[in-house]
Amino acid sequence: ESRQGVAVSIEGMGGVGKTVLAVHGGHQLLRRERVTRVLYVNLRGFHPEQPSADPSAVLDGFLRLLGTPGSQIPHETADLVALYQRQLATHPTLVVLDDVAGEDQIRPLVGAVPGGVTLITTRRRLTGLNTLALDVLTLDEAREYLTDAIRPIPVGDDPSAVDRLAGRCGGLPLALSLVEGHIRTTPGWTVTDHADRLDERHVARRLEPAIDIALGQSYQSLPLDRQRLLRLLAIHPGPDLDPYAAAALVDVKPATAEAMLEQLDRDHLVSSPEPGRYVTHDLIRAFATGRSLDEDSAAERRAALTRLVDHYAATAFAAADLVYPADAQPPRVSASGASSRVPLPDSQAAKLWLDTERPVLLAVSTCAAAQDWSRPAVDLSVALFRYLNDRPGDAIALHGNASVAARKSGDTTGEALAHLGLGAAHCTQGRYLVGAAALRRALNLFRSAGDELGEARALTNLGGALLWQGVPTEAITYMSEALALFRQHGADPHAANALTNLGYAELTSGQHATAIEHLNEALTEHRKVGSLVGRAITLTNLGIAENSVGQSESAAAHLECAVTLSRQIGDRTVEVHALEGLARLNLGLGHPVDAIPPLRQALELCRQAGYRRGEVVILLLLGEAAHKAGDIATSSESYRASLAVIGATPEQQACARAGLRSGDQPVR
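So the sequence shown is numbered by the numbering used here: it starts at 1069 and just counts up by one.
Just so you know, the hints here were simulated from the structure itself, not pulled from any lab data.
Backbone N, C-alpha and C define an ideal beta-carbon position, used for all residues, glycine too.
Please note that the accuracy of each hint is not assured.
To be verified - Quick list of the computed label-pair ranges, beta carbon to beta carbon:
1. Ser1289 - Arg1154: 50 to 60 Å
2. Arg1219 - Arg1409: 38 to 48 Å
3. Pro1227 - Thr1254: 11 to 21 Å
4. His1095 - Gly1224: 32 to 42 Å
5. Arg1345 - Arg1729: 48 to 58 Å
6. Arg1175 - Pro1227: 51 to 61 Å
7. Gln1497 - Arg1675: 20 to 30 Å
8. Ala1201 - Arg1409: 41 to 51 Å
Turn these sequences into a full structure, and let the hints guide you.
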C-alpha cells in the first residue's frame, strides 16, 4: 500500500503460477485505484525459440502505448529511459515485466517513480528488489485444491486417488490445472480412473515428470485435429496468434480453427488474454514441439510453416495497400493461404491489424530469414516499408533479415529491395552516411539485375539522403537520372513525384528559376494522375520558391491552396510546411504579427503528429516572429521550448540560445 514507487520480483520455476499471480495482483491494484493504467510485456527470457526482448524496443513500445508519437521517441537507450521515467511520473502506473531473463534486461525498465508499481516474473533470483518466491504446493495444499475443483466427480474404488493425482503433479499449479481440466472434460470417468491413467503415463517423458504426464494425458484426450493444431502451434514464431494464422497452420477455414482454439482454451492448453488472441505457455510449447517432431514429418512441418509465412506476407501486403494506397507495390507472394486471409474492410481495420501483428510480423521475418526463404522475407520488407517509417529500429531488423535471406538465396532484386528499406531506415535515424551506403548498394544491385524502375527508386532515395547531408548538386544529378528513367518507362505517378523532389532539391541549392519551372511541370503531372498529396506538396514548394524571388502574390495563393488541399486529405505534415511558408512570406514582407497565427497552427499540428523535426523549426521561427512583433515573453518561451525538443541539431540549439540572448535587447 506504499505510495512510493515499488518493484517486486515474483520468482519460481516454470509453471508455478508467477504470471497468474502478477495478473491477479494487477487486477486488485486497479480495483483499489492504486494505479490508473497498466503496461504489460512478455520479455521472453526463457522462450525456447525466440530471443529475449530488447529493453530499448520495449521502452519504444511502452512510450507509444503511453501516447508518445513515434517521431518524438529517441533512439539512444539513455534518452529512452529518461523520457519513459517522465511519462510514468504523470500517472500511477502498474508495469508487469513477465518472463525476465536477468537484471541486465530489466535495468532500463525499472525505476523508482512515486506511485508506480512494477511486478516482475522470473525463474532466476534477482538482486536489489523486493522478492516473492513461489514454491510448488504442499501435498495438503494440492489435495485441497483438487478436492474443491473436482468435487462433483465420483472418487471411485480408491479413496486415495486424489492424493495420487496430487503426488503425480508434484504440487505444480500448471500440472494441477491441466489435470483438473482433463477430469472435467472426461465424463464417465472416476477420480480413480484418472489416477490410474496418470500412473500409466509415468513411463517416458521429456519435461519435468509432473508436466509431461499431465500434458500427455490432456493431449491424448484431444480429437486428432486438435492434437495436430496443438503440435503445429509450436511452429508459430510469434508471441501470440489469431484464428486466421491458426487456420493457415493447419490448412482449415478460420471458423474451424477458432472453434478448435476455443476448445484448447477450455482444456487449459492455450490461453486467451484478449478476444481473438491466443497464447501458448512455453512449457506447453516445449511439449508440443516434442510431439510434433515425433508425429509430423519434416515435409509436413515445412508445409505448415510455409503456409503461415505466406499468410502473414500476403495479409501484410493487403493491409499496407489499404493504409498507404499511393505506395502500393505488387507482392511477390504466392496465393497459398488465401483462404485464411484476414478480412480488412477499410484502412482503419488494416492499420489496426498491422499494429496488433507488428511483433508477430517481425518474428516471422526472422523465421523466414533463418530458413533462407528470400521471397517471404523480402515480401514483408516491401509490404512494411512505409508502415515502419517511424520505427527505424524495427525497420532495420526487418530489412536486415530480408537482405541476409536474399543474399544467401542469390535473389539480387530482393536484396536490392531490402537495402532500399535499410537505407531509408538509417536516414530516418539521422545516420545519413550509413543510409547512403545502403542506398548505393541497392542502386548497384538494381543495375546488375537490369531493374530500371528499381534503379530509379534507389536514385530518388539516394538523392534525398545526399540532400540531407548538404550535397545538393549530387542530389540533383541522381534525381534527374531517376526522372529520366521513370519517364522512359511511362511511370507517370513516379515521374510526377520525381519532378517535385527535383524541384525541391533545386530550391534548396538556390536554383530558384529552375526549381519554379520543374515544380510547375510537376503540378501539371500531379493533376493528370489525380494525386492530391502530390499537388499539395508541389504547391508548397512552389510557393516557397516564388517567395524567394519576390513573387509574393503568387506565392501566397499557392501556399494557401496547399493549406486547403492538405486539410482536405488530412496530411498534417504537408500542412505544417505550407503554414511555415506563409509565415516566412509574412516575415519577409515585414508583417511579423501576421506570421504568428499560421505558426501557432503549425506548432499544434507538429505536436499532434509527433513531427519533431518540424516542431523545432516552427518554434525557432515563432521565436523570431514574436520578437520582431515585440512579444518578448512568447519569443523567449518559444526558444526555450525548442531547446527541450529531443533531436534538435546543434545548429538549431545555437540559434535558440542566440534568440534567447536577443530577448535582452530592445526591439527595433
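Structure-based check of all given hints:
1. Separation of serine 1289 from arginine 1154 is about 52 Å and conforms to the stated range, judged on CB atoms against 50 to 60 Å.
2. At roughly 46 Å, the beta carbons of arginine 1219 and arginine 1409 sit within the given window of 38 to 48 Å.
3. In this structure the supplied range 11 to 21 Å holds for proline 1227 paired with threonine 1254, their Cβ-Cβ distance being about 20 Å.
4. About 37 Å separates the C-beta atoms of histidine 1095 and glycine 1224, a value consistent with the hinted range of 32 to 42 Å.
5. Hint check: arginine 1345 to arginine 1729, Cβ distance near 55 Å, so the stated range 48 to 58 Å holds.
6. Restraint check, arginine 1175 to proline 1227: a C-beta distance of roughly 53 Å satisfies the suggested window 51 to 61 Å.
7. Under the hint 20 to 30 Å, the C-beta atoms of glutamine 1497 and arginine 1675, about 21 Å apart, fit the expected range.
8. Checked against the given bound of 41 to 51 Å, the beta carbons of alanine 1201 and arginine 1409, roughly 47 Å apart, stay inside it.
In summary, this structure violates none of the numbered hints.
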